[in-house]
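Trainee: Given next are the chains, with one letter for each unit.
There are 2 protein chains.
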Amino acid sequence: MANSASGESIIGRFVKIVSAFDDGHTSMSVAELGRRTGLPVTTTYRLVNDLLLERLLEREPGGDIHIGTRMWELVSRGSKMLGLREAALPFMEDVQAVVQHSTTLGILDSDEVLYIERLGSDKAIVDITKIAGRLPVHATSSGLVLLAYSPAAYQDTILARPLTKYTETTLTDPALLRRHLAEIRQRGFAAMPGVIVPESSGIAVPVFGPENTIRAALSVVVPRNEENAAARVPVLMAAARGISRALGWRGELKGTLRQSH
Amino acid sequence: MANSASGESIIGRFVKIVSAFDDGHTSMSVAELGRRTGLPVTTTYRLVNDLLLERLLEREPGGDIHIGTRMWELVSRGSKMLGLREAALPFMEDVQAVVQHSTTLGILDSDEVLYIERLGSDKAIVDITKIAGRLPVHATSSGLVLLAYSPAAYQDTILARPLTKYTETTLTDPALLRRHLAEIRQRGFAAMPGVIVPESSGIAVPVFGPENTIRAALSVVVPRNEENAAARVPVLMAAARGISRALGWRGELKGTLRQSH
DNA sequence: CTCAGGATTCCCGCTCAATGGTAATCGTCC
DNA sequence: GGACGATTACCATTGAGCGGGAATCCTGAG
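Residue numbers (numbering that gives the first Met the number 0), protein chains in the order written: chain A, 0 to 260; chain B, 0 to 260.
Wrong hints could be hidden among the right ones.
For chains that are exact copies, the list does not tell them apart, and a pair is met inside one copy or across any two.
To be verified - Subject to a maximum C-alpha distance of 25 angstroms in a straight line, what follows is the list of computed SDA-like cross-link-like pairs (lysine to any residue):
id	residue 1	residue 2
1	K79	W248
2	K129	D110
3	K79	P192
4	K79	P60
5	K15	V47
6	K79	D49
7	K164	E57
8	K164	D93
9	K129	T36
Quick caveat, the hints were computed from the structure, so don't treat them as lab data.
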């Protein structure tokens, strides 16, 4: 599918180029970009020039390049993330105002939790969630909630693979996890102390779309030693229902929320 | 620069495709995408397939496609917007908590204001700012602030072009605008009642980066009839200084802020 | 059930844009 | 001045992209 000797399409190379930029590397020289992507020098320069012409990349005074404003704009405007974000933000602000710790919104993507929004960075506690950052499903409260309301077949594939044990409290046993997921579905929330970082614990609740399908997880990260973390749950749940409704969810008919499939 | 009959590169077509998605059209069939972009049918299908393979686009159950999570993730993570956003958000939350109307952060791009963040959508008042949305510089408080602290040469090019008069209060006369910009620099903020929508007015202050260069405009939109809108200024200014400092700004040495060039 | 219209996939020969090596030029720091 | 890296210029080769056309799938109306 490509003209290149290595047999990759331009699209593939485009992805490589964009991927070369991340938190710590928002700008770099073209030469370095070539090194990071592993693309031939000449090719890199030519491709970068094309991208500069379309303003998908931008050149800064020093000569370094970075991802262009236009790219951010186009993707943000066209993406469905914005819609989810817009639905969620007002409620997240409310949660943030009441619970004084950081509030996050995460979705399931490629078997991981992808955080798409976050309010109130609380320097006092350890919180490794970043916007556009990823964390494993089995070791975050958000992930467990997302998994708990996912189709059983999907749960199986996740539980079947080796699960990293980050801290003492990280659950890695499939049977144990399965029971825990059932519990989450029954209670309607996940509260995990120190599953990935010992000092903090997360509480997460599900956000649904139409047809009761799970869409996202709303969560807060609080210090682990907080006396009654579960007291946060009602606020979160109310907010999550508000978000769900804004997404077109019409509410379950009876009893507790059920697993969608 | 392209294999195509029309003489455009793949990159160009990629942009066309991504641009076809916006607020109102976050998903569509491939055929419709072809129509919107004006690309030949076959080409559209092939290109879309390539993009689907890289997960830059995603296919939903119905067959419609939308911008992929991966695309959003890559661009968000690599873009400098996130850095600006992260620096600004805590302060914006503070502003939002005090001023109960919507708080926005805008930057200058392609001679327009591009809003990159917004908190607290206030249904009570008219506010047409959207994230990843654009508005003209001369008809928004954010735009005027951004312009006021821009190099004189740049101001000239903007003022030289025809300026649309949206409401009675929109300034369109270059001389008048120039005087107004001077005033903004002197006061350190812009307060424009009903410049683009009659019912609401905006107040904006500048956010600086290192070297005292203007980086963004922080603003709030309040109902026009609010008795003393100027009372909002100090809060905004304090927040803006906080953001600026987070961006590496070291503070001006003396007196009022000066025009950078 | 049939039919129409649209969406999507398949097929295929043409061709020029993309490729990537090599070499020249620019820039900078010691 | 000179050495090293970054960037630009040049150019022969070729297969990926191209897009018209036809076949197939899908869906809703009659």
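Trainee: Against each hint, give a clear statement of whether it holds in the structure.
Mentor: Going down the list of hints, with the structure as the test:
{"no.": "1", "hint": "K79 / W248", "in the structure": "within (16 angstroms within a copy, 34 angstroms between copies)"}
{"no.": "2", "hint": "K129 / D110", "in the structure": "within (17 angstroms within a copy, 31 angstroms between copies)"}
{"no.": "3", "hint": "K79 / P192", "in the structure": "neither (32 angstroms within a copy, 33 angstroms between copies)"}
{"no.": "4", "hint": "K79 / P60", "in the structure": "between (34 angstroms within a copy, 15 angstroms between copies)"}
{"no.": "5", "hint": "K15 / V47", "in the structure": "both (12 angstroms within a copy, 18 angstroms between copies)"}
{"no.": "6", "hint": "K79 / D49", "in the structure": "between (27 angstroms within a copy, 20 angstroms between copies)"}
{"no.": "7", "hint": "K164 / E57", "in the structure": "neither (41 angstroms within a copy, 32 angstroms between copies)"}
{"no.": "8", "hint": "K164 / D93", "in the structure": "neither (34 angstroms within a copy, 38 angstroms between copies)"}
{"no.": "9", "hint": "K129 / T36", "in the structure": "within (24 angstroms within a copy, 34 angstroms between copies)"}
Hint compliance for this structure: hints 3, 7, 8 are broken, all remaining hints hold.
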